[in-house]
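The task is simple: from the sequences and hints, build the whole structure.
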Amino acid sequence: MARHGIMQPPPLISVQNLQLTGRRGRGLETPIVDGVSFDVAEKEMLALIGESGSGKTSVALALMGYARRGCRIAGGKIRVAGYDVTEMPPAELRSFRGKTIAYIAQNAGAAFNPALPLMDQVIEPALLHHVMPRQVAIERAIFLFELMALPSPGTIGARYSHELSGGQLQRLMAAMALITGPEVVIFDEPTTALDVTTQIEVLEAFRTVRREEGFTGVYVTHDLAVVAQMADRAVVLKNGVVQEEGTTEQILSAPRHAYTQALLAANTPQVRNAPTQATDSGTVVPVLDVRDLVVGYGGTGPDGRPRHTILSDVSLPVMPGETMGIIGESGCGKSTLIRAIAGIQPWTSGGITFEGEALAPRIEARSAAQRRHLQLVAQNADLVLNPAMSVGDTLRRVLTFNGDAANGAEIGRLLDMVRLPSALADRFPPELSGGQKQRVNLARALAARPRLVLCDEITAALDTVVAAAILDLMMELKRELGIAWLFVTHDLHALRSVCDRVAVLYAGHRVEFTPISALEEAPHHPYTRRLENSVPEMRADWLTDVISLRDQGSEPVPALSSSRGAGCCYAARCPVRIAICEVATPPVWRSPAGALISCHLTSQDLS
Amino acid sequence: MTMNAALIRALLRLVGASLVSLVFVTVAVFFITAVLPGDVADALLGQAATPDAVSALRHSLNLDKPVLVRFVIWVTGLLHGDFGVSLVSHRPVLAMASERLIHSLLLAGVTALFAVPVALLLGTTAAIFRNTLFDRAVSLLTLCIVSVPEFLVATLAVFIFSVQLHLLPALASISDIHSIGSFLASFSMPVTTLACVIVGQMSRMTRAVMIDALGSSWVEMAVLKGASPAHIILRHVIPNVIAPLFNVIALSLSYLLGGVVIVESVFHYPGIASLMVDSVAARDIPLVQICALIFCAAYLFLTTLADIVALLSSQRRHAA
Amino acid sequence: MLSRRDMMKQGALLVAAGGGALRSCPARAAQPLRGGHVRVASTTGSLSDTLDPARESMATDYMRGAMFYDGLVTLDATLVPQPALAERIESDDFRTWTFHLRPGVQFHDGATLTSADVVYSLRRHLDPLVASQVRFQARAMRSVRADGPLGVVIELDAPNISFPSVLGLNNFAIIRDGTKNFETANGTGPFRCAAFQPGIRSLAVRNPDFWKTDGVWIDSLELISISDDMARHNALLSGDVDIIAEVNPRLVALLRQRGMGVMESPTGTYTDLAIRQDIGPGKNPEFVQAIKHLFNRDQVADSVWLGFCRLGNDQPLPPEDRYYNHDLPQTVFDPDRAKWLLNKNGFLNQELPPLICSPAANASVDIAVLLQNEASRIGMKLDVRRMPADGYWSQSWMHFPLGFGNVNARGSADMTFSLAFASAAPWNESHWRSSRFDELLALSRREADEAKRKAIYYEMQTLIHDGSGLCIPNFITSLDGYHQRIRGLRPHLGGHLMGNNFSRFIWVDENAGARETESAPA
Amino acid sequence: MTVAPFARRWVSVIPRIPGSLILFWLLLALLGPVLAPFAPGEVVSRTVFAPISAHHLLGTDYLGRDVLSRLLCGTGSTVLLCAATTVLACTGGVFLGIIAALKQGLTDTLLSRFMDGVISIPSLLSALVAVAAFGSSVPVLVLAMSLIYMPGSYRTCRMLALSIVRRDFVLAAQMRGEKSGYIVLREVLPNMTGPVMADVGLRFIYAVRLLSNLSFLGVGLQPPLTDLGSLTRENLLGLVYGAPAVIAPALTIAVLTVGLNLALDSYKGKAG
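Residue numbers (my numbering), protein chains in the order written: chain A, 3 to 609; chain B, 146 to 465; chain C, 7 to 528; chain D, 842 to 1113.
The set of hints was computed from the structure by calculation and includes no laboratory data.
Quick reminder that beta carbons are idealized off the backbone N, C-alpha and C, glycines included.
Any given hint might turn out to be false.
[Unchecked claim] Restraint-style ranges between C-beta atoms, simulated for each label pair:
#1 B:LEU266 with A:GLY72: 20 to 28 angstroms
#2 C:GLY184 with D:PRO980: 52 to 60 angstroms
#3 A:TYR299 with B:LEU266: 40 to 48 angstroms
#4 C:ARG40 with B:ARG236: 29 to 37 angstroms
#5 D:LEU1092 with C:LEU354: 39 to 47 angstroms
#6 D:GLY1022 with B:VAL168: 53 to 61 angstroms
#7 B:LEU266 with A:PRO116: 38 to 46 angstroms
#8 D:MET1000 with C:LEU354: 53 to 61 angstroms
#9 C:ALA430 with D:LEU1092: 52 to 60 angstroms
#10 D:PHE865 with A:GLY72: 27 to 35 angstroms
#11 B:VAL160 with A:ILE582: 45 to 53 angstroms
#12 B:ASP280 with A:PRO11: 46 to 54 angstroms
Put into structure tokens, the structure is as follows:
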């Protein structure tokens, strides 16, 4: 498959000694990328690997002769498909972009114009560059949609970006990039924002079009497993400097550079947790007990249930000192569950107790002690930390509010607890890195001396290495402080490494509830299995294997479905469904390993 | 189906909210005018306002009744669609106000036709070339124009173009307009003066809206597709900023009906703003009321329209 | 009754008074021409603009009314009543007056003028619902009755030799019997009402059936009102209008430099400070004396009127009036004496009521500020309180211890005295009470002998000068601007474009504008 | 307890506003009457609308008074009055705007309806009616103008705050049980100071304009107090003679308002 070792024609892309600089406000110019050089041969796919801030996206954009506001290409030579990109005047650059070289952005939801139908945008490059008439472009777009297995390819173009899922948009964006048949396509972290299950569909689509269209590619990512599936060669960037370059196999199997090794280590699953021996059968009162929680919207129907359900009869006991994991894809209701527990999402029926006392649905009605002992750490540290308040002030306020001493030493202690230097107290959130922000976010929760911390996808927005460090920190804190955690994620790796027990949510239903020890042992709910399989692995043929497995199942349907009718919520996507799945609510039974599974099939069937 | 129902509900809510404001203004204006010193009897008699003359006239106009009773009488009339008659001229106030309103709408319309494109153009170009010399120059210029009192702008314009150069008429009397040429000549100075007032704010707000949009990912994407700046603005940005821009425009236009007393007075233009100033001076309460209602309704109509545009532009995408 | 000799005397007076005005109105012996459209911009105009003669209260109203209506008599350039709709006026005792109407006069709707119309027109002023501006004057008429189709007999409460002057007021114009609707005008005047939009404009077209065969030259006239000074002058300068009322003294030079005419009419109009004598510091006559001495009349004349005024002597008759008391010593600006008087009475360390002024009373704010400044120089603290123009006359004027007023030239000395100085007068601004004055007033109204009456008026002026709380620093020269193509304007003691009657006299000389501009001094 | 950090926060914000410019105008406002060579009401010349001369640096006005002296006094009252108005209007607008965004529901609806009602009546008319009803004293003018401009500030701030109150840090504060006052002042407001400052600048312009336009209609400050708009207005006739009496106050208005706005805009630049 890989073509290294063979004598190659001159490279299609050649970057020599690229210098990119940027400035903030009226500050001094600082280098973003310093002396980067690499070549990409025709029809080759090069991976640009690096953390956020490594300059990988800037390099990718520079290939198109584009620098973001405040940045500029300060030096070096870029040749793409015979064009000298750094020398081209604006008009020529315009006819080059979108026609010779195309770009697939990380967040398709944001990169599509929300006010225009998708088809107009997909065929726009073709019309802009007068590559083909409109009707032909539409036909080609539909062809590409089909190629990438988009549902209803004939009509999907009439829709608007917010109506489609991230995975679908990412494929549409690929179609948009390919509409003019460009020689070079740049993939900028195209699957980072997607669920693992969706990522598979998208990656497969990319592979298919690459096979059919045969373009040269640059794939920007921080995910080595994805690199393994997609790229022929890889360049590892850190702080704007190339650390290592080689074939994908080389980089993955025998990384030479320390940084590459660290990346690889972070990508490898590891168990950080010494499982707490907590059970819900004992005499210990659960710190948090969610019972038959129903959350919905659109008013209540005649049966007392909401017209549209987000959570259906979810129960979840959390023991003191335990780490409870909740996993599921976007839209499964896991964030809603967290919000309900946090008191910012009213519920229809069911109840929540905290340390034996009922929690009021509204935060205002809860006692000061309950508010204090139940802390939420939200996904996006950018939003959680007040950008106008220094780190010290943020922590100080929590301390004074709860009547604790709020001196510098205490703040230093809190920062130390999350492994941050106390000098950071005077900094403001915009000056911090993503990992630092998330640590401050944790410190803020810890400042209240909580009994239970709700963690809502706290690592989702972070780079692999940083996320791993946060997970390490969590476990250390768990050991040191003995507090309970409710850990919500879509990342099975993370879940495995920190949790004691796991609840699997699908479409608002708890389909499985299992001790982490049982996760490695069959049987499991078919959806749990699917989640397991979707975690990318670092072998090159993993994607092929998963796809061949999946082809046995049926076309997936959007996850968020109404659960009003009877039957199993997963029936539509289940590869092993039987007739009864469509009509009857599945029973809950306990597997030999201790997992509570909600399925019509028996333990033997699922094993 | 449900989308349409939701849309209609949202529209009804908007309209209902406007009605609340309208009722608030009606009640407030009535009672505020009630605390004004003197009434129409005083105003009509002026120097001849001897106590017996005033009280007789007051009695005949029902002004000696308690304010609440007068309010009830007025509201009752209103509910029957009767806005009342002017206490001064005894003509129906609706006819008086609507005659002036037409003039005002004409002036406002022409001003909008001229000012809105200029403001959008200035704001957009300033956003595209932000933090450049051009941007700063536009900002300085618009601020300067907004800050100079409009009576000075208007008077200076008249003195230069009418008195010194004899190019344009000094007055914008509606009755003198017989052709397109005389229309343009009569309107050019009032319209320019008014445009000076509103272009400043509109262009500044447009610039802010545009900068917001230009920073979005989809604009970057369009650049990377090889689209030209004009194509990006027209094809991509405009459809997205229609709603906020309409809001900007609505706020500015609402000023053009009621906020133009000075321009009306300098150019002797018979608009509704001067009618209301007159009616306040004459304490002609029914007329004050209908003018206030018209201003309020116009403002609410424009802002509600802007809200509806916002609703529809998001609805269009949601409903598809 | 009124003798020819009287009128001749007044004619002589007019020449003397109008001497200065000749400068702006070249006495060219040109023959008036018929035809032409004239646009006139007056000052105040509003919603309250009216076609009801009884309600006319602003200059614009009077001008409009004068185009459409006639009175029984009209006041000429020296304010002497002349026959108009009444051909003849008779009275033996000055108490019962008989008016003989001109036969064959037609209203604009074709009806012929009869005594019923006159009776209706005069009686309606007594109805409070009419909101007549001259209700007080009308009350002096005990009865108004028809005496045949062309005779009207009016019986007064008491004899009044000046009664015809009262009927010369525009408000007493004659309308058709029974008229209640004033959306248009149905009068006997020289113009018919072609359009009337309150606050916007009035359009008048010549009445071909006008009873007076000579005079009235122009075909049509549009009357608008521009309250903003600068805009009004600009409209004249740009040629948008042909005549403007009330030229600001500061712009006289500009208008003349640009070849426009400015007509100066000396009038009895004044802006006064009234010190009430029934409340506040004005109860002390020495306070009143001090304030009179504190008026720097020359400075007011220079700063406020730029010299377009005559010195006032704290009595209401202007120097041009035939009854003006020349023997009265002039009150002079004497801050030292004022200070001494004030100090003596302890007013300097006392909180004094504010000076009430308003844009409604012409230039009163400026005069108040100048007075305030003079006061501060002698250590007297006087606050100025400016009131909004609307509601000033009914809500503020005469309500405060120290308040400014503004009085237009009245039709006769008798009217001035009886309306503003008699003890029972409704507009006795300073609330001055003098039984001697009241006696003299009653006496003067019966006195047919001109010399005797003059003597009585002299004494009345002295009484006012010495006793009343009225400070009249200046008499204002009325200034009207016109394009050179407009002819026929002549100064008038009533000011305001020939006592608001200009429409009957002006004519258009299409060639004059060009010629005049050429010959105008740069 | 909580006052200290509040004070600390505000003290740390204030120096970031372009202080020198504001200080300059405030000093001029306070010292202007002292620096004036003549008493502002004093007639010093028999010539009205005199041109610039050594005696009268900016000539004389329509009554023959010294323009420079009147300008110095008028600048003071304009700056102080409009500053007071702007501060009052924007304080109210900011606070209520954020509260409305924060509380949503009925509070928001009622406040917004009320503000819409106020804003829909033309500002000049509201001011006119207020002056007619309560007289044109300084407190009445300041209060009326504040009330007139509060809804605009409210609208702007509510829009700005709507996006901020949905951010998680506000939620975190609410979950902690913080009082509304704390959330408004410490959590939300510091994140919108830039646009709020720009809005404050615009309100200041509007206040100066309204004061000028009020003087056009013959109401406004009581003599001998005067403001820049009135000075422009009362000397408007001097325009035809090119008199400095009308040009000087108009220029002062422009320099004052434009300078302040550019300074406030640059503050936005620093924060963002």
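Task: Hints that the structure is at odds with (numbers, increasing) - done: 6, 7
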